[in-house]
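Q: Sequence:
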Amino acid sequence: MFTDQHFDFTFFSRNKPLIFILNGWLAPSQIWYPVIKRIPVWDFIIFSPAGIEEASPLKNLARRISDFNPLMLWGWSLGGLLSLKLMQQVPRLKQAILFGSFCRFLNGENYQSGVSAESYEKLKKLVQTESAAGIRAFLSSLFTATQRKNGHFSRFLKNYQNLFENKTITEIESGLRLLEQTDFHESLQAISVPVTLIHGKQDLVVPYAASVYLSQKIPDSTLILWEEEGHLPFYTNPEKLEDLIKQESITVAHCL
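Residue 386 in my numbering is what sits at position 42 of the sequence shown, and the numbering runs on without skipping anything.
No wet-lab data here; the hints were simulated from the structure.
A few of these clues could be false.
Lysine-lysine pairs mimicking DSS-like chemistry, simulated, CA-CA at most 27 Å apart [what the hints assert, rightly or not]:
(1) K511 - K429
(2) K466 - K381
(3) K429 - K403
(4) K469 - K502
(5) K502 - K466
(6) K584 - K545
(7) K584 - K438
(8) K545 - K429
(9) K493 - K429
(10) K590 - K502
(11) K381 - K590
(12) K584 - K381
(13) K561 - K438
(14) K360 - K511
(15) K545 - K469
(16) K403 - K381
(17) K403 - K561
(18) K502 - K468
(19) K469 - K438
(20) K493 - K468
(21) K493 - K469
(22) K438 - K360
(23) K493 - K381
(24) K561 - K381
(25) K468 - K545
(26) K469 - K511
(27) K502 - K360
(28) K403 - K469
(29) K466 - K438
(30) K381 - K360
(31) K466 - K403
(32) K493 - K545
(33) K403 - K438
(34) K502 - K545
Modelling step: build the complete structure from the supplied sequences, incorporating the hints.
A: Here it is as structure tokens:
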């Protein structure tokens, strides 16, 4: 792993074509390992926002990404939001996949596909407590009721809870400001990269209506709704994502 002022980078090199992953808010890069292991024909670099407070450092990140000449960009949740801008700044990108993503987190006068003010205040209360119980409650919302019953959540806690709890109040507050202030809904028509939008219909964090909206505004986009998935579809169902990647439209050959 290597770092700069705003981002942590985790690099998996197997001398293959490169995918950049822009990670979600507060999430450790380790949650991507299960799916990375299933896709050996690609290399990966994972970017995790670390204390970024506004979207302007994305220009610096775009330059860093361009140095590596990636062929594909993945973004999840807050990382998906930031990816919408990066897709317009990084040359040579051939494709993007966004998971549980949005162009604006909160509902507003001209946007009703996001999160209500009431739900957002509940989220803030959970993550600002800096307590294990608050973090645990937030993490629980990443999973569906069935996934919690089937043990996905308990295994997730065992492997990753301490990594979430180690986040500083600065990282938490900066992420909240990004969620409150970042809005790309008026610039989606400028995206020329083909985008696949994957969203769980049982997502408790970001309503799948957010991806429906993206699919209506991004010119070359494909919407895929997974009926039984929540906010972590790549983690809870890596087999399904592996099958999707193997499809002709998202192969290495297609991106070269």
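Q: Compare the structure with the hints numbered earlier in the document and write down the numbers of the violated ones, lowest to highest.
A: When the structure is compared with the hints, numbers 2, 9, 10, 14, 16, 19, 24, 27, 28, 29, 31 turn out to be violated.
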